[in-house]
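Student: Listed below, chain by chain, are the residues.
There are 2 protein chains.
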Amino acid sequence: MAMARTGKQEAIEVPWLYKKLNPEVAAENAYVGYYKDKGKCCYGVFEGIIAELRKEVGSPYTTIPTSMMIYGEGGIAETANICGALNGASALIFLTTGRIEIEKRGVAYALINELFNWYEQEALPNYRPKNPKFEIVKSVSRSTICHASVSNWCKTAKFKSFSKERSERCAWLTASVAKYAVELLNKNFEGNFKPVHNLSATVQSCRSCHDEGSVLENTRGTMDCGGCHFTQKIKHPKT
Amino acid sequence: MAMARTGKQEAIEVPWLYKKLNPEVAAENAYVGYYKDKGKCCYGVFEGIIAELRKEVGSPYTTIPTSMMIYGEGGIAETANICGALNGASALIFLTTGRIEIEKRGVAYALINELFNWYEQEALPNYRPKNPKFEIVKSVSRSTICHASVSNWCKTAKFKSFSKERSERCAWLTASVAKYAVELLNKNFEGNFKPVHNLSATVQSCRSCHDEGSVLENTRGTMDCGGCHFTQKIKHPKT
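Heads up: the sequence lines are chains A and B, in that order. Numbering (the numbering used here) for the first sequence: 164 to 402. Numbering (the numbering used here) for the second sequence: 164 to 402.
Okay, chain A solo, but in the shape it has when bound (with noise of 0.2 Å):
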């Protein structure tokens, strides 16, 4: 932790302290945050996790409002951008492994894009709270997108997208978002962190006409392509 570097704020800047936690823990408080005050998905995380850090580590976890990431909720203020739990998660790495200077970010870089890739791969949710009010089967999101992980569950599902079912279904992906979070982050801690899920090889191939250093070079990301691109009947040009 380290203090501001100017005189005029006396915010603690990141990384803040982290401690190992009980990532079941965290999971189930994240299930709760999400109904708690209908903080839901972005929320749910965030506070899911801090509030192991407050009883762990206490100060300067007392201090942070965790309310301001309600604004997650529904992909950003329902719009259905980011998927909410993914954000809240993100903001929550970073400032516990997060560094301003530039060339120190890959750690925490490396954490959040593991948190995507898996997100996008694995049939979530794969967590199940000890008290749901629903069971829920698993669908894979191929996205990281609210609304587009919302239509993959509920085609696979067969709820629709304003269910008490899907909304149930995306507590329990809070909660799966917020264990996995604390799995990694306890695995850097205890400093073997390895990413296990990396782009595809469709995605890399992509990658290779359009992203950094490519021919094109006219798009950035490590986002499934194929969640989007080229579905159903639309094919790529021909190259």
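In short, the hints are calculated from the structure, not lab data. There's no promise every hint is true.
Which copy? The list can't say, so a pair holds if one copy fits it or any two copies do.
DSSO-like cross-link-like pairs, simulated, lysine-lysine; straight-line CA separation at most 30 Å [as the list claims (entries may be wrong)]:
(1) 201 <-> 357
(2) 323 <-> 267
(3) 199 <-> 267
(4) 321 <-> 401
Chain B: place on chain A using the hints.
Tutor: Just chain B now, with coordinates in the frame of chain A:
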């Protein structure tokens, strides 16, 4: 402002006191914040506005670790999902106008939705910093997603996605988003905010079959559907 509801923490929960700010000063701060410490888009907007609130309001703005928001860089840890400038602005808008009670979140969410619709529909960046590195042409993003917004600009400007010019465009965009966010917050502070960028008739048509209360009800959200779906040669199935 309200003190935390339990004895477990000392955090001051949302909403934090807002005072009218100068949008152009926030924009210049955001531009500088993009480059300073290479904080980039999300941090640039968040720190750019908070810096003024530290001056105008003081505590508790002096206590928040704005460096946490670096995580939004390049659509969250360079994954190129949600535009970082929008992510940082949304957190700031909720911090200053949000409420824990779900039935009182409408004001903050209306401000965020206006910002998102503006971002999709307007030719941006529309703020020219006082000391730019390059001159930057405008484009219409049709998407709040980083990589789509970048790709549309690259197509219009004929620069590559990892060029210095594209980075400068994102710095101008960071400034533009900070400026419009402050304009919206000022209007809300004065009690005369009204949304001026609404969902298009096309998006409303999509939502009439796919969103809440519709026959299919298989997705959600307020993003511009046509920015990604049924582009190029693919047509919507006959209804």
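Student: Determine for every hint whether it applies to the structure shown.
Tutor: Structure-based check of all given hints:
no., hint, result
1, 201 <-> 357, "between (35 Å within a copy, 26 Å between copies)"
2, 323 <-> 267, "between (43 Å within a copy, 26 Å between copies)"
3, 199 <-> 267, "between (36 Å within a copy, 15 Å between copies)"
4, 321 <-> 401, "between (36 Å within a copy, 22 Å between copies)"
Consistency with the previously given hints is maintained throughout, with no hint failing.
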